[in-house]
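Chain by chain, the residues:
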Amino acid sequence: MKLLGFLLMAAGWAIALAAVALLKTTLDRGLFVLAGIAVEVLGLALAVRAHQPARGESQ
Amino acid sequence: MTPAAALCLIFIFLVPLAPAGLSLINTGLGRSRSAAHAMLGALCVMAVAAITYCAFGFAWQGLAGGAAHSLRIAGIEWNWIAAEPLFLRARTLDGSPASLVVLLQILSVGLAAVIPLGAGADRWRLGPSCASAALLAGLAYPIFAHWVWGGGWLAQLGTNYGLGHGFLDAGGSGCIQAVGGLTALAVTWILGPRRGKYPMHGMPAAIPGHDASIVLFGCFPTLVGWLGLNAAGAMLFAGAESGRTVLIAVNTTLSAAAGLLAALAISAFRFGKPDASLCANGWVSGLVASSAACAFVTPAQAVAIGLVAGGVVTAAVAYTEWPLSIDDPGGAVSVHAAGGLWGLLALGIFARFPDGASGQWLAQLVGIATLIGFVLPLTYTLNWLLNRVYSQRVDPEGERQGMDLYELGAGAYPEFVTHNEEFTQQ
Numbered sequence: 001m002k003l004l005g006f007l008l009m010a011a012g013w014a015i016a017l018a019a020v021a022l023l024k025t026t027l028d029r030g031l032f033v034l035a036g037i038a039v040e041v042l043g044l045a046l047a048v049r050a051h052q053p054a055r056g057e058s059q
Numbered sequence: 001m002t003p004a005a006a007l008c009l010i011f012i013f014l015v016p017l018a019p020a021g022l023s024l025i026n027t028g029l030g031r032s033r034s035a036a037h038a039m040l041g042a043l044c045v046m047a048v049a050a051i052t053y054c055a056f057g058f059a060w061q062g063l064a065g066g067a068a069h070s071l072r073i074a075g076i077e078w079n080w081i082a083a084e085p086l087f088l089r090a091r092t093l094d095g096s097p098a099s100l101v102v103l104l105q106i107l108s109v110g111l112a113a114v115i116p117l118g119a120g121a122d123r124w125r126l127g128p129s130c131a132s133a134a135l136l137a138g139l140a141y142p143i144f145a146h147w148v149w150g151g152g153w154l155a156q157l158g159t160n161y162g163l164g165h166g167f168l169d170a171g172g173s174g175c176i177q178a179v180g181g182l183t184a185l186a187v188t189w190i191l192g193p194r195r196g197k198y199p200m201h202g203m204p205a206a207i208p209g210h211d212a213s214i215v216l217f218g219c220f221p222t223l224v225g226w227l228g229l230n231a232a233g234a235m236l237f238a239g240a241e242s243g244r245t246v247l248i249a250v251n252t253t254l255s256a257a258a259g260l261l262a263a264l265a266i267s268a269f270r271f272g273k274p275d276a277s278l279c280a281n282g283w284v285s286g287l288v289a290s291s292a293a294c295a296f297v298t299p300a301q302a303v304a305i306g307l308v309a310g311g312v313v314t315a316a317v318a319y320t321e322w323p324l325s326i327d328d329p330g331g332a333v334s335v336h337a338a339g340g341l342w343g344l345l346a347l348g349i350f351a352r353f354p355d356g357a358s359g360q361w362l363a364q365l366v367g368i369a370t371l372i373g374f375v376l377p378l379t380y381t382l383n384w385l386l387n388r389v390y391s392q393r394v395d396p397e398g399e400r401q402g403m404d405l406y407e408l409g410a411g412a413y414p415e416f417v418t419h420n421e422e423f424t425q426q
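Line by line, the protein sequences give chains H and V.
The numbering of the first sequence is our numbering, which starts it at 1 and goes up by one.
The numbering of the second sequence is our numbering, which starts it at 1 and goes up by one.
Derived from the structure by calculation, the hints contain no laboratory data.
Any given hint could be a false lead.
[Unchecked claim] Residues from chain H shown here face chain V by an in silico Cβ test under 7 angstroms; the list is partial:
1. Ala10
2. Val20
3. Ala35
4. Glu40
5. Leu42
6. Pro53
Note that CB positions come from ideal geometry on N, CA and C, so glycine has one too.
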């Protein structure tokens, strides 16, 4: 799940880069960059969940 | 040296007060048995970061208009890494703007390297923290800083794709603060929480900092350091003229003040009384958020930026501890990562330019996407690899004894030891 989370973050960044390079209007670019950030946030959520310690593990 | 360069040099001389203040805050928020370790760790990571950056980092970062490697995509150059020689061999350190950039960057990378120490307090060994600082100063920091301050593809989003003036970050909300804060997040994940922080049942254990007065005193040098950082950064990276530094100083101070007051009001509302450590974090988050837009907004907008930063950090500190289970004693992730990202976004929302360039918000969003989608995975991978060959977390026995005794052989406060005989024999 950690790996998937970080892959999603990188994929979101790739979406944002592709939007800037391939799309023309500000609206289109903005929507796709926001979509890329949403994918990154999803990846971040997965990474957070994968790193949560089990209760009592730190005792 | 021109008068403007001399003024800029004076501002740069103030910058070391920023990591000094942060070190005091991190030390006070940690345990007393790790206090000397925390301060020595800050000095050591700054030393390692400065040398590594001079040896390797600046070669990848470079200067705008300097030698660089580019990719050509659909007829447009994407400048992705500098091609300077190692050990600053191509630079004459003579008071020129280029030499001032080198000096500011040596100090800035030290500030970025100090940030993760707050997240790893009470359990991050000295040697691995220095090695991690070397990775930050040698790779993660200079690559992103080249893209923003070295004429890289983020800085060129304006000229290449018409997105405002390209990604802007005058004082380093992204390049310094968010990079340091995201590295802190990676380090926290790799180290895991302190022993006893998350018990089997109930809420996370509160492990309060050992000295609130050190924490609050640390806020004063951070302000002075940030005044220098924002003013020098705006002059060197945003083309601000000397007279504009007054506006920058006013904006920086107001943002910090608003961050503090927002944190104070929110913590007083939630807990019945103001929380000293949250107030300190609100102050620093106001400074962090002010950096990007300090030269481009009005004082009223700076207050708004600080107020939001204070609210963001208060929510983030509570939310990262529980339910996200991120044990971050110094609040580095909340203050520097969340505050830095907000500062970058705030520039896109509030900044207005005389030439009426539009699309700045989109350039800022692309920069934020790069920090989350590239810098965080990169810095996590680097620290994960480091942890495989050089274990970063102290042994359980070291955590029980405290980092001072276990790693340094002596505590910061030897007179604090309680002698039972003295108290029992009357």
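Here is what the structure says about each hint:
1. Ala10: Holds, because the Cβ-Cβ distance from H:Ala10 to chain V comes to roughly 6 angstroms (cut-off 7 angstroms).
2. Val20: Cβ of H:Val20 sits 6 angstroms from chain V, so the hint holds.
3. Ala35: violated, 10 angstroms
4. Glu40: The hint holds - H:Glu40 has a Cβ within 7 angstroms of chain V, the shortest such distance being about 4 angstroms.
5. Leu42: Not OK, violated: H:Leu42 not within 7 angstroms of chain V, min 11 angstroms.
6. Pro53: holds, 6 angstroms
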